[in-house]
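Colleague: As you go down the protein sequences, you meet chains C and D in turn. Mapping of the first sequence onto UniProt numbering: position 81 corresponds to residue 81, and the numbering continues sequentially without gaps. Mapping of the second sequence onto UniProt numbering: position 40 corresponds to residue 40, and the numbering continues sequentially without gaps.
Treat each hint with caution, since some may be false.
All copies of an identical chain are treated as equivalent in the list; a pair is satisfied when it fits inside any one copy or across any two copies.
What the hints assert, rightly or not - Each computed DSSO-like pair below joins lysine-lysine, with the alpha-carbon atoms no more than 30 Å apart:
1. K106 / K33
2. K17 / K101
3. K124 / K17
4. K33 / K101
Hints were generated in silico from the structure; no laboratory data involved. Note that the coordinates shown come from a computational prediction; the quantities given were computed from them, not determined experimentally.
Protein chains: 2
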Amino acid sequence: MVGKHCILELYDCDHAKLNDEAFLRTTITTAAKRAGATLLNLITHRFEPQGVTGLALLAESHLSIHTWPENGYAAVDVFTCGDQTMPEQACELLRQELGAKNHALKSFQRETPAALATAVRHPKA
Amino acid sequence: MVGKHCILELYDCDHAKLNDEAFLRTTITTAAKRAGATLLNLITHRFEPQGVTGLALLAESHLSIHTWPENGYAAVDVFTCGDQTMPEQACELLRQELGAKNHALKSFQRETPAALATAVRHPKA
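The following block holds chain C by itself, in its conformation from the complex (with noise of 0.2 Å):
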């Protein structure tokens, strides 16, 4: 395995999560750590007059998520290379403390070049 990549949708969310910026900052940085992904930076931006899109950029590639509390839903996918990540586990979490009543979660490999499984890179200091 190389590249995986989730895409999840979240139906029948606590509305007050769904808006809750600084909430859903830290339920993305658990997320992150629950996948096993190193989190590098994390950004997020509030609508008006509501949801928030939040976008982290992981040494293992990313999460994203965008809130419309107004319709209880929220849209997901997580992206992760490497054997030592479950992005699974962050859809998972996110899944629990959004307090989704319904869900749909679709899985799939990235068709990367089979010389990826060999690539060895940091983030930078």
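Given chain C's structure and the hints, the job is docking chain D onto it.
Modeller: Showing chain D alone in chain C's frame:
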């Protein structure tokens, strides 16, 4: 159409461009415009000894790119919401600018609640 997600693999790209953080920032910005999207924030990270990740926070969702210059490869995803955006246009611009000799593009609709079609929201000033 409410949410469209494009997953793009770029192969046999120009190695130098894949490792050029400033070039990628400019190109991501242009790609967002080409998609008809509004760029709200852009973060990038350069890895050692090579490779760059860029994440663009859009009013309409996000654009990501992860590059492996040593393999001439870039993994892209563009997720946009709304009828006014054209994520494939961003993909096409990235393909051209990075000099990809081969590519694979998949796109699919996100399973958003029907009510999102009428959702209105704006970036915070």
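Colleague: With reference to the structure, classify each hint as holding or not holding.
Modeller: Structure-based check of each hint:
1. When the C-alpha separation of K106 and K33 is checked against a cutoff of 30 Å, the pair qualifies both within a copy, at 21 Å, and between copies, at 29 Å.
2. In this assembly of identical chains, the alpha carbons of K17 and K101 lie at most 30 Å apart only when taken from the same copy (14 Å versus 44 Å across copies).
3. For the homomeric pair K124 and K17, the shortest alpha-carbon distance between copies (19 Å) is at most 30 Å, but the shortest distance inside one copy (33 Å) is not.
4. With identical chains, the CA atoms of K33 and K101 are at most 30 Å apart within one copy only, with a shortest distance of 23 Å there and 36 Å across copies.
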